[in-house]
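Dock chain R against the given chain A, drawing on the hints supplied.
Line order of the protein sequences matches chains A and R. Quick note: the first sequence uses our numbering, first residue 1, plus one each step. Quick note: the second sequence uses our numbering, first residue 1, plus one each step.
Honestly, the hints are just simulated from the structure, not real lab data. Treat the hints with care, as some may be off.
Label-pair restraints from in silico Cβ distances [unchecked claim]:
1. R:156 with A:242: 51 to 61 Å
2. R:137 with A:32: 43 to 53 Å
3. A:284 with R:26: 44 to 54 Å
4. R:133 with A:187: 42 to 52 Å
5. R:85 with A:222: 21 to 31 Å
6. R:72 with A:242: 58 to 68 Å
7. R:26 with A:209: 18 to 28 Å
8. R:85 with A:292: 37 to 47 Å
9. R:72 with A:222: 26 to 36 Å
10. A:187 with R:43: 52 to 62 Å
11. A:187 with R:198: 57 to 67 Å
12. A:177 with R:72: 54 to 64 Å
What the simulated footprint calls covered on chain R by chain A, stretch by stretch (three residues with Cβ under 8 Å from a Cβ of chain A suffice, anywhere in the stretch; the number is not a length) [to be verified]:
13. 86 to 95
14. 105 to 111
15. 116 to 124
Just so it is clear, the structure is predicted and the values come from calculations on it, not from any experiment. Glycine is no exception: its CB is placed at the ideal position from the N, C-alpha and C atoms.
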Amino acid sequence: MTLWPLRYIGTLGAYSWRWQRRRLTTWFVTAVVLGVVLSVAAAVQLVVWLGERSLAGQLQSASEMQVFVTDGATPDQQAALKTKLAGVSGVSRVTYRSKAEAAARATRDPQLAPLAGASEGNPFPASFVLEMRDPGIAPRVLRTVSGDPAVDPKIPASYTAAQAQHLNSALGAMKFIAGALDLVALGVGAVVALALLRGEVRARREELRILTLVGVPRLVIRVPLVVQVLSVAVAGSALAIVSLVYIGQHVVPAIDQSLPFLRLGDPRDAFSMLAVGTLAASCAALVPCALLVRLPR
Amino acid sequence: MIVPTGPDDGPDEEYGRGQIQLTDVSVGYGDDTVLENMWLQVDRGEFLCVEGPSGAGKTTLLRLLYGSLLPRTGVAVVDGVDLGTLRPRHVSRFRRRLGCVFQSYELLTHLTARENVLLPLQLAQMAIDQPDERADQALEMVGLREKAASRPAELSGGQQQRVAIARAIAHEPAILLADEPTGNLDTASTVEVMRAFQAFHAEGGTVIMATHDESLRDQFAQRVVRITPRAA
Chain A
1 MTLWPLRYIG TLGAYSWRWQ RRRLTTWFVT AVVLGVVLSV AAAVQLVVWL
51 GERSLAGQLQ SASEMQVFVT DGATPDQQAA LKTKLAGVSG VSRVTYRSKA
101 EAAARATRDP QLAPLAGASE GNPFPASFVL EMRDPGIAPR VLRTVSGDPA
151 VDPKIPASYT AAQAQHLNSA LGAMKFIAGA LDLVALGVGA VVALALLRGE
201 VRARREELRI LTLVGVPRLV IRVPLVVQVL SVAVAGSALA IVSLVYIGQH
251 VVPAIDQSLP FLRLGDPRDA FSMLAVGTLA ASCAALVPCA LLVRLPR
Chain R
1 MIVPTGPDDG PDEEYGRGQI QLTDVSVGYG DDTVLENMWL QVDRGEFLCV
51 EGPSGAGKTT LLRLLYGSLL PRTGVAVVDG VDLGTLRPRH VSRFRRRLGC
101 VFQSYELLTH LTARENVLLP LQLAQMAIDQ PDERADQALE MVGLREKAAS
151 RPAELSGGQQ QRVAIARAIA HEPAILLADE PTGNLDTAST VEVMRAFQAF
201 HAEGGTVIMA THDESLRDQF AQRVVRITPR AA
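If we strip away everything but chain A, and leave its shape as in the complex, we get (with noise of 0.2 Å):
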């Protein structure tokens, strides 16, 4: 007697294959629009998932502001400017670059090198250097040094808010891209397995009918239509983390190879967590279709 939830569960199952065996052409069609949407979905995200990656990058050496200090500042002077560049919200940590580290820094750098070698004394400023949770507080930190005597006030930081505000704006509209070809993608998707479920519905329309009649619970009554709508979810995402996989391997190196500034990299991080992304969201989507699609009476 225990047993009989499970005994039921069973015999929902073997009444959902069986709905669908019946129906393998459509259903197999219908996988593979969706497949062909929610590749075009993956395939977009990857891409824009590397760029971001790859924007990260950039964004992360920009996130580390130097404010100059003059060379006539004081110890107190200094003092209180890191102080005050501590207090500025959004600024993780304030480090102390002296001239002669700075010098050093220089001569590393192939841009900056050949300036370290042609001066007969140091010409590179001591800094403070500000390690910012997000370079577009850049701004805030200008406003609070400007006028302080320790700060050099011909160039008083390393880079301008602007330079800064572009880099996010770049990250934000990238984001902002692929959140709506990815809702656009699951809209379609939506609209496919709306459509395959309301031809179910059409084509069973007596069955379904006679099963009310019979008392089956409507809820039972919609489970081969959430069964087939779920199963129709989980092989369009196959089709899609294929397709991502193929295009990771041979289209990104081959962006990367044409476009070498763009340095996509690696995309193998990207596939797991793209591959559950695209079945949950497949999923998520199309469930609510199952629940939606009006039983006839």
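This is chain R only, laid out in the frame that chain A set:
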């Protein structure tokens, strides 16, 4: 006297079982009222025939009794359930208390006779014990055990209707509703089908059968209710 109870009240399984009571009930479709001020009391174990000309409302009455239509006025209590308080989501649960047989058999053509009896039993009566045996017993009761593996297309009209009766009685309802069950059958098949109804009735079940066949009415009915069309 039946005390109306609804599914939410946790109906007593035996209270009002097999009984029907309509008290001043009106029912219809859209703006049309088909049955008006109907009073009917059916006791457990009765074999009642509902007769009347086409369009009089026989099918409407049966649709009311199996919860497809709700009473507009009055009180309708079927098998202990007050239909006036029946919520749409409880209709399927209510139907599982009844057996229904239709003129056009309503069998699933891709399933065998046994599967047609078994599937609703398995899907609708979730916790039922030994559904396979119940299905076999029901087919035995209607004399179709040997046709269990046949699909509806391989069966005569009478046999198909008997499969439908087996499906309707497999879960042992107290009330069997039949809407012109022999309407599409020849005389020999009609006899077979009526034997199946008799077998259910002999076990103590209540049968409500809509028919326009006077010979059936005279031969089987313990009581006849005649519905006359409403004056326009």
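Okay, the hints, checked on the actual structure:
A beta carbon spacing of about 52 Å between residue 156 of chain R and residue 242 of chain A agrees with the range 51 to 61 Å that was offered as a hint. Taking the beta carbon of each, residue 137 of chain R and residue 32 of chain A are about 46 Å apart, inside 43 to 53 Å as hinted. A beta carbon spacing of about 47 Å between residue 284 of chain A and residue 26 of chain R agrees with the range 44 to 54 Å that was offered as a hint. Separation of residue 133 of chain R from residue 187 of chain A is about 50 Å and conforms to the stated range, judged on CB atoms against 42 to 52 Å.
For the pair residue 85 of chain R and residue 222 of chain A, the beta carbons lie near 25 Å from each other, so the given range of 21 to 31 Å is met. Checking the proposed 58 to 68 Å range against residue 72 of chain R and residue 242 of chain A shows it holds: the Cβ atoms sit about 59 Å from each other. The supplied range of 18 to 28 Å is met by residue 26 of chain R and residue 209 of chain A, whose beta-carbon atoms lie about 26 Å from each other. The hinted range of 37 to 47 Å is not satisfied by residue 85 of chain R and residue 292 of chain A, whose Cβ atoms lie roughly 28 Å apart.
A C-beta distance of roughly 30 Å is found between residue 72 of chain R and residue 222 of chain A, which places it inside the suggested range of 26 to 36 Å. Taking 52 to 62 Å as the suggested C-beta distance range, the pair residue 187 of chain A and residue 43 of chain R conforms, at roughly 59 Å. Taken as a hint, the range 57 to 67 Å holds for the pair residue 187 of chain A and residue 198 of chain R, whose Cβ atoms sit roughly 59 Å apart. Look at residue 177 of chain A against residue 72 of chain R: about 58 Å separates their beta carbons, and that is inside 54 to 64 Å.
With 5 residues bearing a CB less than 8 Å from a CB of chain A, the segment 86 to 95 of chain R meets the requirement of three and the coverage assertion stands. Residues of the segment 105 to 111 of chain R lying with their CB closer than 8 Å to a CB of chain A number 4, which satisfies the three-residue condition for coverage. Note: the segment 116 to 124 of chain R has 5 residues with beta-carbon separation from chain A under 8 Å; the three-residue rule is met and the coverage holds.
Of the numbered hints listed earlier, the single one contradicted by the structure is hint 8.
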